[in-house]
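Go by the hints and put chain B onto chain A.
The lines below spell out each chain.
There are 2 protein chains.
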Amino acid sequence: MPITANDTNRKSWLEVLENSDFPIQNIPFGVFLTKENVVTVGTRIGNFAIDLGALQQLNYFEGIELTDDMFMQDTLNDFISDGQKTWRLVRNRIADLFDEKNPKLRDNIKDRDIIIFKMEDVEMQLPVLIGDYTDFYSSKEHATNVGKMFRDPENALLPNWLHIPVGYHGRSSTIVPSGIPVHRPMGQTLPAGETTPVFGPSRSVDFELETAFITTDVNIMGENIPVTEAEDYIFGMVLLNDWSARDIQKWEYVPLGPFLAKNFATSISPWIVTMDALEPFRTKGPKQEPTPLPYLQQKGKHSFDINLEVAIQPEHAEPTVVSHSNFKYLYWSMCQQLAHHTSNGCRVNSGDMMGSGTISGPTEDSFGSMLELTWGGKNPIKLKDGSERKFINDNDTVIIKGFCQNGHVRIGFGEVSSKLLPPFVRK
Amino acid sequence: MPITANDTNRKSWLEVLENSDFPIQNIPFGVFLTKENVVTVGTRIGNFAIDLGALQQLNYFEGIELTDDMFMQDTLNDFISDGQKTWRLVRNRIADLFDEKNPKLRDNIKDRDIIIFKMEDVEMQLPVLIGDYTDFYSSKEHATNVGKMFRDPENALLPNWLHIPVGYHGRSSTIVPSGIPVHRPMGQTLPAGETTPVFGPSRSVDFELETAFITTDVNIMGENIPVTEAEDYIFGMVLLNDWSARDIQKWEYVPLGPFLAKNFATSISPWIVTMDALEPFRTKGPKQEPTPLPYLQQKGKHSFDINLEVAIQPEHAEPTVVSHSNFKYLYWSMCQQLAHHTSNGCRVNSGDMMGSGTISGPTEDSFGSMLELTWGGKNPIKLKDGSERKFINDNDTVIIKGFCQNGHVRIGFGEVSSKLLPPFVRK
Numbered sequence: 001m002p003i004t005a006n007d008t009n010r011k012s013w014l015e016v017l018e019n020s021d022f023p024i025q026n027i028p029f030g031v032f033l034t035k036e037n038v039v040t041v042g043t044r045i046g047n048f049a050i051d052l053g054a055l056q057q058l059n060y061f062e063g064i065e066l067t068d069d070m071f072m073q074d075t076l077n078d079f080i081s082d083g084q085k086t087w088r089l090v091r092n093r094i095a096d097l098f099d100e101k102n103p104k105l106r107d108n109i110k111d112r113d114i115i116i117f118k119m120e121d122v123e124m125q126l127p128v129l130i131g132d133y134t135d136f137y138s139s140k141e142h143a144t145n146v147g148k149m150f151r152d153p154e155n156a157l158l159p160n161w162l163h164i165p166v167g168y169h170g171r172s173s174t175i176v177p178s179g180i181p182v183h184r185p186m187g188q189t190l191p192a193g194e195t196t197p198v199f200g201p202s203r204s205v206d207f208e209l210e211t212a213f214i215t216t217d218v219n220i221m222g223e224n225i226p227v228t229e230a231e232d233y234i235f236g237m238v239l240l241n242d243w244s245a246r247d248i249q250k251w252e253y254v255p256l257g258p259f260l261a262k263n264f265a266t267s268i269s270p271w272i273v274t275m276d277a278l279e280p281f282r283t284k285g286p287k288q289e290p291t292p293l294p295y296l297q298q299k300g301k302h303s304f305d306i307n308l309e310v311a312i313q314p315e316h317a318e319p320t321v322v323s324h325s326n327f328k329y330l331y332w333s334m335c336q337q338l339a340h341h342t343s344n345g346c347r348v349n350s351g352d353m354m355g356s357g358t359i360s361g362p363t364e365d366s367f368g369s370m371l372e373l374t375w376g377g378k379n380p381i382k383l384k385d386g387s388e389r390k391f392i393n394d395n396d397t398v399i400i401k402g403f404c405q406n407g408h409v410r411i412g413f414g415e416v417s418s419k420l421l422p423p424f425v426r427k
Numbered sequence: 001m002p003i004t005a006n007d008t009n010r011k012s013w014l015e016v017l018e019n020s021d022f023p024i025q026n027i028p029f030g031v032f033l034t035k036e037n038v039v040t041v042g043t044r045i046g047n048f049a050i051d052l053g054a055l056q057q058l059n060y061f062e063g064i065e066l067t068d069d070m071f072m073q074d075t076l077n078d079f080i081s082d083g084q085k086t087w088r089l090v091r092n093r094i095a096d097l098f099d100e101k102n103p104k105l106r107d108n109i110k111d112r113d114i115i116i117f118k119m120e121d122v123e124m125q126l127p128v129l130i131g132d133y134t135d136f137y138s139s140k141e142h143a144t145n146v147g148k149m150f151r152d153p154e155n156a157l158l159p160n161w162l163h164i165p166v167g168y169h170g171r172s173s174t175i176v177p178s179g180i181p182v183h184r185p186m187g188q189t190l191p192a193g194e195t196t197p198v199f200g201p202s203r204s205v206d207f208e209l210e211t212a213f214i215t216t217d218v219n220i221m222g223e224n225i226p227v228t229e230a231e232d233y234i235f236g237m238v239l240l241n242d243w244s245a246r247d248i249q250k251w252e253y254v255p256l257g258p259f260l261a262k263n264f265a266t267s268i269s270p271w272i273v274t275m276d277a278l279e280p281f282r283t284k285g286p287k288q289e290p291t292p293l294p295y296l297q298q299k300g301k302h303s304f305d306i307n308l309e310v311a312i313q314p315e316h317a318e319p320t321v322v323s324h325s326n327f328k329y330l331y332w333s334m335c336q337q338l339a340h341h342t343s344n345g346c347r348v349n350s351g352d353m354m355g356s357g358t359i360s361g362p363t364e365d366s367f368g369s370m371l372e373l374t375w376g377g378k379n380p381i382k383l384k385d386g387s388e389r390k391f392i393n394d395n396d397t398v399i400i401k402g403f404c405q406n407g408h409v410r411i412g413f414g415e416v417s418s419k420l421l422p423p424f425v426r427k
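Protein sequence lines correspond, in order, to chains A and B. Heads up, the first sequence is in full-length UniProt numbering, so the first residue is 1 and it goes up one at a time. Heads up, the second sequence is in full-length UniProt numbering, so the first residue is 1 and it goes up one at a time.
Keep in mind that a hint or two might mislead.
[Claimed, not checked] List of simulated lysine-lysine pairs, DSSO-like, C-alpha gap at most 30 Å:
id, chain 1, residue 1, chain 2, residue 2
1, B, K427, A, K299
2, B, K85, A, K427
3, B, K427, A, K148
4, A, K287, B, K250
5, B, K427, A, K140
By construction, these hints were calculated from the structure, which means they are not laboratory data.
Chain A with its partners taken away, still in its complex shape (with noise of 0.2 Å):
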C-alpha cells in the first residue's frame, strides 16, 4: 500500500512554522488529556493536537475498518495491534483530512472545534501501556568506553558483544513521558577505596541518550520473528532518556546487571514518530565486522538518519547543547535486535518497548551520557551560566531532541525533557 502520508508536496490548512518536527508529513500518535478531563488518542501538526477519538465519532475514518472505540482510548496498544496495514490507512486519511486542497475538515467550522486543539491546552500522557521493556546496548563507541572506563582498556569490548544485540529487562512502572519530574535516587553505594557500602542519595546521576521503538503483537510464545520479516513489527520510534545512577550501578551491577541504578525512572518523548514517516530517512549502518551469525544478517539499509542531541538546563538559565549525536551511529538494527530477542521464543505483544541503548558517536561531542562525556567526572563540562557539570544537578533539567532532514522535509520526535528534582520526602 502506498504511503501517501509522505507526500513531500503537501501542505495543511493548519498552520505549521518552519523547521516544526510535526509538518503534515510526520503524523506522530501520541494520547493526551484536554481540559475538559477527556483522554484520548491523537495526532499532531505543527502546535496543533488532533483528536482521534473525535475524528472517528464524527465519521472521518469511513470506509476504514476500526473497531467503534479504537481512538476513544487511553492507550494506543489495540490500534497498534491492528497492524501495518490499518496504521498506513489511517495515517493517509489523516494526510488528506488536513491537505490544504481538501474542503471536507477545513471548511466545517464546528467539527474544527470539537477535533482541534492547541497543544498548550492539552497534557501529554504515555502513549502506550508498556507490557515489558528491553533495553539493548547497541552503540560500540558506548560499550567500548565504557569497557574502557569499568574493566580494562586494552579488552574494552566484551567477547559476546560483536556477536549478539546485548540487552537486558527493565522496569516498565517507571516510564514515564516528558514533562513528569524525577527524583534523585537514594541507593546503596561503595565509596572509593572503602570495602563498606553507604546508603544515601545518589551522588551521579547521569541520562543516556536513547531511542527506542514500540512493537506491535509479533509472535506467540516459542515463536521466532526472522530479521528478514522484524520490520513489520515496529509501529515507530520515540526518544528515551535511560536515568542513571552511576554509583549505585557500579556496586550493584554484578552479577546480574543494572537494576536500582536504572529503574527509578526512564523518560520518553510522548509521540510514535511511525516508521513509515521515517521512511525517506532510511540508511546503512556501520559495517559489521565480523559477520553475524545467520539469524541476524541483513541486506539493505535497516538504519535511519537521525540527528540527535541532548542539552542541561540549570533552573532559571538558558540550556546548553552538551551532545550531538544520530540513531545511524548504533551498531545493531532494530531489527536485529527484534529477531535476536525472539530467536528463543520470547513473545512480544502490542506496546512493548525497547531501548536502543546510549548511543554515543565517535566523536568526544557525540557521546551520549554525562560518563562519557566527562569521562567519569575527570573533565567536567561547562555550561553557558558559567557553571559546571560532571553529572546532573538537582533542578537541572535534561532535553533530549531529536528530528530527520533532507532537502524536502523534517520529521521530528519533539522531545523529552525531564527535571532532577532532589531525593523524594516521604511524608
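For chain B alone, kept in the frame of chain A given last:
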C-alpha cells in the same frame, strides 16, 4: 483484625482428603475457566474450585465493601489492590461459609450447584496480570555454588552479595501457569574452547526452584517503603520454576545479566497462598553477618517454614524427586527484598511479582537446580526409570511442590508442573 480463617479446629462440609494442600484453613486465590467458558476469580477447598464471582452475585459477601464486579474478572489485580483489610474479611467470610457448622450454603443445593466445581472441570489461569516481574538471587548457598562453578572457587560470593538483596528484571510476557508446556529455546552459545559462537537448540535447559510473592500497590514513584512496613504490601506467594538455558546464559550474561537464557518461559503455580494463611509457619531466617545497612534491618521472624521439592518425570515414567529444599534457607527476607526494591523510589504496583531466586539448601540433595545438583553436568542424576540426567530432556515434566506442615494443619501450594517440549517449529 483477627484472622479467623486460620482456626485449626474448623472443618469444611466439603470433602478434604488427608494431606490435602487445601484444607479450609488455606483459602488461596486464583482465576479459573469453566467448561462454559466463564473466567472467574476463585478459591479452592480440597479438590473443589469455588467461584467467588458467583458467591458475590448470590450475595454471600453481604456486609463486605466490594465493587460490584470484584470477582467477575480475569485477574486478581483489583482485589489485591483493595488491601489487607479486604483480603482478611473475604477469607474469613469464605471460611465461615464453608464451615461444617454453617447451614447457609451447605444446605442450599441450588446455590452450591452454581458456585462449586470439581477441580478436574476447570482450567487454571494466570492469577494476576503481572505488570513487572523481578527475580532476586537471595540464596547464599545458590550464589556460592554458582560463583564456585562460573567464577572463582576461592571468592565465590561477589563483594556486594552480603550487603544487597541482588535482583534483576525478568520478562512478564512469558510467565505461564502450571500445565502449559514450554519449548526448548534456540539460542547463541559459545562451544567450549571455541572463539566463534553457534546458534542452535540449548543443550542445557534447567529448572530453578523458586517461590515468588505478589504485591499490592506499594508506593508512588519516588517513595520508599521501610522494611518494617513492607509486609503489609505482600498479598501472597506462589511456586515458581525459573526455566534457564545454562549454555545461553554463560555466553550472554556479561555485563547486563541473564536475558534470553531466562525469558523464554517462567512457570508458576496457579493458586496464590496468602501471607495470612502462612502466618502459623513464620520462622527466623539465617543470621545475617555482616549486619545489613539500617534500611534493611529487621527484628523478629520474617521467614517461613515451607518445604519444597522438585521432581523430574520422563514421558511414560513415574516422577523422581531430585531435590528437597525449604524456603527458610533464604538469606534475604521478602520484606528486605521489597524495601530494597523501593529504596530508590521504584514504583511497585498491584499484581507485580518478585521471585526469590533459586532456593538451595546447605546439603547436596537440597540444591535448587540441575546446574548445582549435577555440578555443571559432571555428576548426572539417576532417575527411577534408570535413565540419567545432566539437565532436562525433551518431553520431561518438571514438578515443583511446596507445603507447610505443623501438628495442626497443612497449608500447601499444589504444584507447578510443566513439560519441556522440543524446539518450536515455525509453520
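Here is how each hint holds up against the structure:
1. Pair hint K427(B) plus K299(A) holds up; C-alpha atoms about 24 Å apart against a cutoff of 30 Å.
2. Only pairs whose Cα atoms come within 30 Å are accepted, and K85(B) paired with K427(A) is accepted, the gap being roughly 23 Å.
3. About 45 Å separates the Cα atoms of K427(B) and K148(A), which puts this hinted pair outside 30 Å; it is violated.
4. This hinted pair checks out: K287(A) and K250(B) have alpha carbons roughly 27 Å apart, not beyond 30 Å.
5. Between K427(B) and K140(A) the CA atoms are separated by roughly 36 Å; this puts the pair beyond 30 Å, and the hint is violated.
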